[in-house]
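Student: Residues per chain, in single letters:
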Amino acid sequence: MNASPLDAAAPAVYDVARVRADFPVLATTVRGKRLAFLDTAASAQQPRAVIEAVADYHRSSHANVHRGVYQLSQKATDAFEGARERVRRFLGAASTREVVFTRGTTESINLVAQSWGRRLGPGDEILITWMEHHANIVPWQMLCERSGATLKVAPIDRRGELDLDAFRALLSPRTRLAAFTQVSNALGTVLPVREMVAAAKAQGALTLIDGAQAVPHQRIDVRELGCDFYAFSAHKLYGPTGIGVLYGREEVLRDMPPWQGGGDMILTVSFTGTTYNELPFRFEAGTPNISGAVGLAAAIDWLETLGIERAHAHEQGLLRRATAALSQVPGLRIIGEAAHKGAVISFTLDGVHPHDLGTILDAEGVAVRTGHHCAMPVMDFFDVPATARASFGCYSDDEDIAQLVAALAHAREVFG
Amino acid sequence: MDLKDLYRDVILDHNKRPRNFGRLDPCDSSADGNNPLCGDRLTVTLRLAGDRIEDIRFEGKGCAISTASASLMTEAVKGLDQDAVRRLHALVHEALTSAVDAPPPEGLGKLAALTGVREFPARVKCASLSWHTLAAALAHRDTASTE
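Residue numbers (my numbering), protein chains in the order written: chain C, 1 to 416; chain S, 1 to 147.
Heads up, some of the hints might be wrong.
[Stated by the list, open to error] Per label pair, the in silico range of CB-to-CB distance:
{"id": "1", "chain 1": "S", "residue 1": "P36", "chain 2": "C", "residue 2": "E278", "range": "51 to 57 Å"}
{"id": "2", "chain 1": "S", "residue 1": "D101", "chain 2": "C", "residue 2": "A21", "range": "34 to 40 Å"}
{"id": "3", "chain 1": "C", "residue 1": "G242", "chain 2": "S", "residue 2": "D5", "range": "33 to 39 Å"}
{"id": "4", "chain 1": "S", "residue 1": "P103", "chain 2": "C", "residue 2": "G262", "range": "49 to 55 Å"}
{"id": "5", "chain 1": "C", "residue 1": "P122", "chain 2": "S", "residue 2": "F21", "range": "56 to 62 Å"}
[Said to hold, decoys possible] Here's a subset of chain S near chain C, in silico, CB distances under 10 Å, partners left out:
{"id": "6", "residue": "D2"}
{"id": "7", "residue": "C27"}
{"id": "8", "residue": "S66"}
{"id": "9", "residue": "T67"}
No wet-lab data here; the hints were simulated from the structure.
We treat Cβ as the ideally placed atom computed from N, Cα and C, and that holds for glycine.
Just need the whole structure built from these sequences, with the hints factored in.
Tutor: This is the structure:
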């Protein structure tokens with residue numbers, strides 16, 4: 001593993017107060033109350049290092065990339081391409097040709113569906129799981145509608161675990177792609193992605209992993225995983241919104257047609273024909289989100305300095321203690337009880353609709369996500385219209401949990 | 001901003017014991033409403049006598065605000081003609097969206113209990129869903145959405 005050298009030097013005790021001090025927003029109050037931000041799975045807050053890196057870029061290095069010969073443009077290009085190299089190392093990809101910048105996980109998946117998907121036709125199948133985010137459902141439904149291919153869905157059980165045998169049984173030589181999440185955003189379930197990739201490969205299918213919920217919490221090595229595509233967003237990784245990554249294995253990307261046309265993705269343009277640029281630029285039409293890429297690189301630096309494994313261990317401790325504390329709340333039902341979970345707890349409270357709960361918790365300074373979490377099939381499976389979801393990040397602490405538990409007691413009072 | 005202003009006793013009562021809950025069968029008109037953001041869903045069924053709402057029921061799943069608003073609405077519009085319903089809908093809309101320090105519009109009756117919602121912009125759609133659905137039913141459209 002290519003652990004950051006600073007990991008070894010970092011203190012053994014995880015000093016969450018010091019981590020929190022890096023996040024200006026955590027010092028703010030909500031309605032006069034301490035902010036207990038428990039919605040990191042939707043979007044993480046940004047440390048000062050990221051905010052400053054983006055501001056510095058705007059102050060001293062901004063120009064368009066890959067275009068000017070002047071110094072400022074070169075600086076911007078260096079920053080942008082430097083960020084690409086940073087992402088390559090972060091993912092363990094073989095080459096920066098395999099790192100495509102996108103707007104985020106959703107656009108990464110749509111890129112694959114629009115470009116690679118053009119080769120699909122009737123008789124072909126795509127396999128997903130029941131616990132996918134809408135971003136890993138709808139692009140494939142649209143592709144199936146266009147191409148005549150069929151979408152298959154591997155079932156889950158009442159604890160929120162994937163039925164791995166059923167997943168294997170649904171794979172066949174007709175399966176062209178298996179696309180699945182590494183960690184469920186709605187349930188927290190950690191999927192057995194290695195086994196899933198191996199099973200899909202054995203049938204000759206390509207694999208796409210939605211890593212949006214996984215990258216902030218564990219070290220990723222795409223070559224070790226053996227997947228063909230890996231998608232994630234910067235804003236779940238303590239970076240800016242509007243920037244994300246599609247990793248694609250070079251052999252696969254090379255044969256994929258462009259999906260959006262415009263500047264930067266071409267070599268030559270004439271009215272008799274246009275030739276396309278090399279990887280990865282062929283998939284990056286138009287001026288990219290340069291400052292976003294700079295912010296993403298800064299976020300990776302920051303997180304690796306903190307130590308992803310150490311942050312993960314801290315979050316798992318919070319998950320255990322929060323699960324125990326919430327289990328004591330009368331009428332509270334935890335949705336998603338997989339053996340291996342990310343730091344996410346979805347729950348319902350008897351007699352209080354999740355939206356009312358969200359409003360009442362907000363009045364106590366507690367920010368949780370409420371709704372269907374862009375995973376309506378999961379809500380239908382558990383027969384709930386919506387859930388409340390508390391999720392933890394590297395800066396979450398036990399006071400957040402205590403504040404949540406107290407606010408839940410208040411909600412029960414309001415609704416008597 | 002005060003939670004008690006949002007969750008007034010009238011709202012909590014209508015949430016716990018929604019009035020006119022269920023489905024009229026047969027009915028003269030019906031519509032389904034849904035709030036895609038939160039997954040609230042409800043169905044309004046109507047029996048009309050000419051231009052007048054003779055009977056109305058609603059059913060569905062939603063938060064306290066959406067359930068109470070639908071329940072209060074069914075009580076308020078029963079017996080009204082369509083013009084009167086439109087006028088009341090406009091008043092409710094004003095009550096839900098006017099500035100927090102503006103005096104609430106007059107003529108709302110029990111519906112005035114909903115004025116606390118305007119302090120919680122994220123919840124306005126919860127309160128307006130039933131009214132959009134009723135409007136759709138009166139216009140003989142099948143679905144309404146708050147989007």
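Student: Now tell me, hint by hint, if it's right for this structure.
Tutor: Here is what the structure says about each hint:
For the hinted restraint 51 to 57 Å between P36/S and E278/C, the CB-CB distance of approximately 41 Å leaves it violated. Look at D101/S against A21/C: about 38 Å separates their beta carbons, and that is inside 34 to 40 Å. Checking the proposed 33 to 39 Å range against G242/C and D5/S shows it holds: the Cβ atoms sit about 36 Å from each other. The hinted range of 49 to 55 Å is satisfied by P103/S and G262/C, whose Cβ atoms lie roughly 53 Å apart.
For the pair P122/C and F21/S, the beta carbons lie near 47 Å from each other, so the given range of 56 to 62 Å is not met. Hint on D2/S holds. Least Cβ distance to chain C is approximately 9 Å, under the 10 Å limit. Checking C27/S against chain C by beta carbon gives a least distance of about 24 Å; that is not within 10 Å, so the hint is violated. Interface hint at S66/S: satisfied, since its Cβ lies 8 Å from the closest Cβ of chain C, which is below the 10 Å cut-off.
The closest approach between the C-beta of T67/S and any C-beta of chain C is roughly 8 Å, which is under the 10 Å cut-off, so the hint is satisfied.
Violated hints, in rising order: 1, 5, 7; the structure is consistent with all others.
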